[in-house]
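Residue numbers (our numbering), protein chains in the order written: chain W, 2 to 344; chain F, 2 to 344; chain E, 2 to 344; chain H, 2 to 344.
In case anyone wonders, no lab produced these hints; they're calculated from the structure.
Computed from a predicted structure; not experimentally measured.
Built from N, CA and C at the ideal position, the CB exists for glycine as well.
Some clues are possibly wrong.
Just a few of them, taken from the derived set where beta-carbon distance is under 8 Å, the chain H residues facing chain E [as the list claims (entries may be wrong)]:
(1) A42
(2) M46
(3) P48
(4) V342
With a straight-line Cα cutoff of 20 Å, these simulated SDA-like cross-link-like pairs (lysine to any residue) come out [stated by the list, open to error]:
(5) K226(W) to K112(H)
(6) K112(F) to K112(E)
(7) K226(H) to K112(W)
(8) K226(F) to D302(E)
(9) K112(W) to R249(W)
(10) K226(E) to Q299(E)
(11) K226(E) to P298(F)
(12) K4(F) to K226(F)
(13) K117(W) to R249(H)
(14) K112(H) to E217(W)
(15) K112(F) to G208(E)
(16) K226(H) to K226(W)
(17) K226(F) to A301(E)
(18) K4(F) to L89(F)
(19) K112(E) to K226(F)
(20) K112(W) to R249(H)
There are 4 protein chains.
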Amino acid sequence: MIKVGIVGGTGYTGVELLRLLAGHPQVELRVITSRSEDGLAVAEMFPNLRGHVDLSFSAPDPQALAACDVVFFATPNGIAMTQVAELLAAGVKVIDLAADFRIKDIAVWEKWYGMKHACPELVEEAVYGLPEVNRAAIREARLVANPGCYPTAVTLGFLPLLEVGLIDTASLIADAKSGASGAGRGANAAMLLSEVDSSFKAYAAAGHRHLPEISEKLGLLAGGKVGLTFVPHLLPMIRGIHATLYGRLRGQAEDLQALYEQRYADEAFVDVLPAGAHPETRTVRGGNMCRIAVHRPQGADTVVVLSVIDNLVKGAAGQAVQNMNIMCGLDERAGLNMIAVMP
Amino acid sequence: MIKVGIVGGTGYTGVELLRLLAGHPQVELRVITSRSEDGLAVAEMFPNLRGHVDLSFSAPDPQALAACDVVFFATPNGIAMTQVAELLAAGVKVIDLAADFRIKDIAVWEKWYGMKHACPELVEEAVYGLPEVNRAAIREARLVANPGCYPTAVTLGFLPLLEVGLIDTASLIADAKSGASGAGRGANAAMLLSEVDSSFKAYAAAGHRHLPEISEKLGLLAGGKVGLTFVPHLLPMIRGIHATLYGRLRGQAEDLQALYEQRYADEAFVDVLPAGAHPETRTVRGGNMCRIAVHRPQGADTVVVLSVIDNLVKGAAGQAVQNMNIMCGLDERAGLNMIAVMP
Amino acid sequence: MIKVGIVGGTGYTGVELLRLLAGHPQVELRVITSRSEDGLAVAEMFPNLRGHVDLSFSAPDPQALAACDVVFFATPNGIAMTQVAELLAAGVKVIDLAADFRIKDIAVWEKWYGMKHACPELVEEAVYGLPEVNRAAIREARLVANPGCYPTAVTLGFLPLLEVGLIDTASLIADAKSGASGAGRGANAAMLLSEVDSSFKAYAAAGHRHLPEISEKLGLLAGGKVGLTFVPHLLPMIRGIHATLYGRLRGQAEDLQALYEQRYADEAFVDVLPAGAHPETRTVRGGNMCRIAVHRPQGADTVVVLSVIDNLVKGAAGQAVQNMNIMCGLDERAGLNMIAVMP
Amino acid sequence: MIKVGIVGGTGYTGVELLRLLAGHPQVELRVITSRSEDGLAVAEMFPNLRGHVDLSFSAPDPQALAACDVVFFATPNGIAMTQVAELLAAGVKVIDLAADFRIKDIAVWEKWYGMKHACPELVEEAVYGLPEVNRAAIREARLVANPGCYPTAVTLGFLPLLEVGLIDTASLIADAKSGASGAGRGANAAMLLSEVDSSFKAYAAAGHRHLPEISEKLGLLAGGKVGLTFVPHLLPMIRGIHATLYGRLRGQAEDLQALYEQRYADEAFVDVLPAGAHPETRTVRGGNMCRIAVHRPQGADTVVVLSVIDNLVKGAAGQAVQNMNIMCGLDERAGLNMIAVMP
């Protein structure tokens, strides 16, 4: 059994990690920390866990965490970078669900996150935990930076086109839509049901923190700098990301459907839909799947890729568990075989 | 492995049965029939099942069904009663998710369902599949009538009070609220998102088909006829039933909290919340749990019971699988250990 | 033109008052105060008002308010009671949308609101602003206590039965459901979309602040103390209250439909639906109407009344404007003739 | 008073027309036809209209319609084209809310709508009823083709850029999202709440009927053929369209904010938000406004325009009333001065 600890489990990513890990056949949940909720039974805060998780939140205790095989950070940005080194030194594998180790360019990171990086020396070592790109490196990693939710949906959508060099990388467009759980569980008037329900808007059109993360990763796939316009939108619902991606094809037409199907043929968590299909976010609700469809409307030279994930699963906790499975030599699908809840 | 067939699997109860059975470790899905969708891959209609269910719908074939150990009817009312006898004769265990065998009083059934009963001789034999009441009989049953969704939530809520005779049975009130999936997947203008979303209403206040079912079952618990006012309401959401139950206490006060906790102490799928709690439907979304809280506001003589289920799980497909487990001598929780998806 | 001021207009009641008053043909909006938003254009906070309201929030200024004909308090509980006396002394008519003057029994008020009443001497004078009950007194009032949202829906629903003495007043039940806007616009994790959407729950079953208000008002109609069980529930939507009311008929049957129709025949804002109907909250969305239907299920002795309002209009800002119209001798319907937005 | 008739008023466009026209100070509603609902009171189908509209549906009667000053067709596509000529001959002004007269290229129309055009001779005469483009022609028109909902949002968004020739017209992208009411009130399993709620998807990526309409109108503005990729999406809510538009700037940078503000300075129903803003669909809910913001993310050469309307108002019934006002020489804003309902 893998002994697992979670730092900061009171948010949506935390409860989702608990849901997945409680059902994982090879995991033993050992500790979940929360300074503010020390002593509270986890299932009191999240009643869906009653009967499944007996743990209580506890104040952070370095020794308890150091005794784990794997520790997940489900903390706000800027926390993991102050604690990871100590855990790695103790031989613990670490998966950070926040943004601290996602971006290799530290100056870029510091600009977008508005703080000084506390642990730049580990940024280079950290592996970006997108298994469909970095599986081999994840297998050897001590420290995995779990990708952001938007970056996961966008990168998996563009990936086959970029790897083969089929589209103009100077003018990529990602029109992305996310459910409200992406904004977290903190008290925030802007995310009240009465503000978000029955309405729709774009936000952060001028620049969202996931923009530099996506650009950097797409650049690695493209073998050079990319030009990306990324506009996130807020959906009046809880879970789900839908990325609608636009690229200009260059050169000769290809069989895009075959390209996608072949690229993802061996991937357990990327499902290429039949030609002409439109993925719905509900088909991945609660599951770790990314479903993708590729279109070329009117036979013109703009390719449209539709990519959906559950932002809390493949976009956060599920991908983190997938990374843990790879890092620990388990079946990559262990604990992640849930069927999406639909309707 | 239990060989399972499903008759009529194109509705919400059908897809939910598939979701649960596909993850059941001792079940082999053999056949799912649909006259109208013969040949269509199940996963094409329900993309959440892609990669989990390879079956296609097939035209009804008595031999294929007769070769199963258990057959579920997820058909409209009035279908199962014409086909069950033949299956039973072939040694198949049958679980009907429709209403054909729920009500023992055939005249009452015929009045509320507006048709002649095609198989009255099996009504007496059929066991009402509420495990918390009829577990022993279910274990021996050939034919189980799976309870309605409202009846499940209401009966489990009133049960401890009625068994002990604590409330006046002449004036029970059940104010029940259901998500829209209870109305099924058929084309129906009244259930369009644009009709149901962001609104709330009662319906069928004059009399709903679940009224005689609930009354009969509460009467059995109470040992006599009960007077019940049952008002269903439609919630602007997909899944979940919340029953708010009102009864007049008679005689001395009791420790209601202890009464409920003791009655359900050994039940895997009934969770009595701590005193003062209010169950939320989301805490059972996608799971087979019924969560209950009991209140006595202001210390007056009206007891208020709050009871929530997922109408498609404990109110339909999940309870059907629970019944199958019992009928087949399996662990009652097999395939039903999912944690509710929240948020 | 009536010169109008609003104290504390940054919440949902405030924006709704602005929407209604901006379209009122005999109102001139003079001042809207907010200590925290001093200087901010109202339409910047509430973009639906762009082009309709030019005002900016200003710091509270007693002189500016004293120059108004009518001042509305859209403040949290406990504010109006400290400022009303001064305004009344200046000859201003005051309508308090909070709870400060709703309950005549000051000890009861202080218990439920957890503070000492700052102005008990005005409580007796204040008129409870339910026009269907107190129109004559409102016409003469200097100070109107605008009713709570639940109390409005519940009182209008029970009123005809209580006035005529048709039901047992010892065991009234009000099962009430409200949209999330009733909880206000403050940052509150419990009201996030991700907490409230796609779920349903009761809350405050042990006792809600509107309970003593409703009990007192129903008692006045019944001519004596009533026994009321009041259970509020939270709906996954923004606007609307649906009260489902239960009472035991005493004595001979009456034509309940005729009773309701006659009682409300002259009321502009109470609409008794035809026999057998079920009011939907969407039919009053954005409008000042209360729609009511009365049922007697199965001919038994329990009467069921269904009553819907928009909690922000007839349950708050709309009723406040209705009260202003009466106090100022205007047509009671002035500025309130909007048709509900449906679908 | 303008005497008004409506042909086919049982859909969402119909009830919205009724809501707006019932509140219009210069309109007398004379007749509303529906073959299937002949004799039914309009307010029985749409209870929000109780007390505001006394009319009943009546079977189509050419004489009653010919006696009107203006007739609106709120019918399915293909109906108006068979009846308009007769009404025009009788001197009636006609506004068609369906697609029959929107596209000048009849071959294109017949291809996308799958039927032969019954009245090609009037297509040329018909004026496309987008007042911000064609006000002068609308003023003189006998027959107005009311624009589609998506075309309204997209065209108003691109208009200033195209008129001035600022963007590359070969690669326009419109990523559009609509509430479910756009799909109408017909029974349709795909639009059930249980199918649409809490989910999001693109649809018709290969080609939607609004594509040729938009392309033709943008082409007129651009002075030549445009290349447009148009991907519509379905939002889990009732009302609202949000178009996110992408264009490549050519040549020198301009002050885009000033360009938009100046272009729409005199338009009553187009509101250009301040720089940096993001319009929300709720800010136009129930109102006739189009709100627009223009962004140039990261200073790159891709311009992003955000454009929102209420699909049933500015996208259908409201724009139709606006057109009627212009055609009849009334104040363009008459009956359209409602403030959006928010929250």
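These are the hints, each one checked on the structure:
Taking 8 Å as the C-beta contact cut-off toward chain E, the hint placing A42(H) at the interface is violated, the least distance being around 10 Å. Below 8 Å, beta-carbon pairs count as interface contacts, and M46(H) has none with chain E, the closest being about 11 Å; its hint is therefore violated. Proximity of P48(H) to chain E holds as hinted, the smallest CB-CB distance being about 4 Å (cut-off 8 Å). For the restraint placing V342(H) at the interface with chain E, the shortest Cβ-Cβ distance is roughly 4 Å, inside the 8 Å limit, so the hint holds.
A threshold of 20 Å between alpha carbons decides the hint, and for K226(W) with K112(H) the separation of about 43 Å lies outside it, so the pair is violated. Only pairs whose Cα atoms come within 20 Å are accepted, and K112(F) paired with K112(E) is rejected, the gap being roughly 52 Å. For the hint linking K226(H) to K112(W), the alpha-carbon distance of about 43 Å lies beyond 20 Å, and the restraint is violated. A hinted pair counts as satisfied when its Cα atoms are at most 20 Å apart, and K226(F) with D302(E) qualifies at roughly 16 Å.
With a C-alpha separation of about 30 Å, the suggested pairing of K112(W) with R249(W) is violated against the 20 Å cut-off. Straight-line distance between C-alpha atoms of K226(E) and Q299(E) comes to about 29 Å, which puts the hinted pair past the 20 Å bound. A threshold of 20 Å between alpha carbons decides the hint, and for K226(E) with P298(F) the separation of about 17 Å falls inside it, so the pair holds. Distance hint between K4(F) and K226(F) is unfulfilled; the C-alpha atoms sit about 41 Å from each other, more than 20 Å.
Of the supplied pair hints, the one linking K117(W) and R249(H) is violated, its CA atoms being roughly 35 Å apart against a limit of 20 Å. Between the alpha carbons of K112(H) and E217(W) the distance comes to roughly 44 Å, so the proposed pair goes past 20 Å and is violated. Between K112(F) and G208(E), the direct Cα distance comes to roughly 41 Å. Violation of the 20 Å bound is thereby established for this hinted pair. Restraint check for K226(H) and K226(W): the C-alpha separation of about 32 Å exceeds 20 Å, so the hint is violated.
Restraint check for K226(F) and A301(E): satisfied, since their Cα atoms lie roughly 14 Å apart, inside the 20 Å limit. Under the criterion of a C-alpha separation no larger than 20 Å, the hint pairing K4(F) with L89(F) is consistent with the structure, at around 15 Å. For the hint pairing K112(E) with K226(F), the CA-to-CA distance comes to about 43 Å; that exceeds 20 Å, so the pair is violated. Proposed proximity of K112(W) and R249(H) is contradicted: the alpha carbons are some 27 Å apart, above 20 Å.
Taken one by one, the earlier hints fail for this structure at numbers 1, 2, 5, 6, 7, 9, 10, 12, 13, 14, 15, 16, 19 and 20, listed in ascending order.
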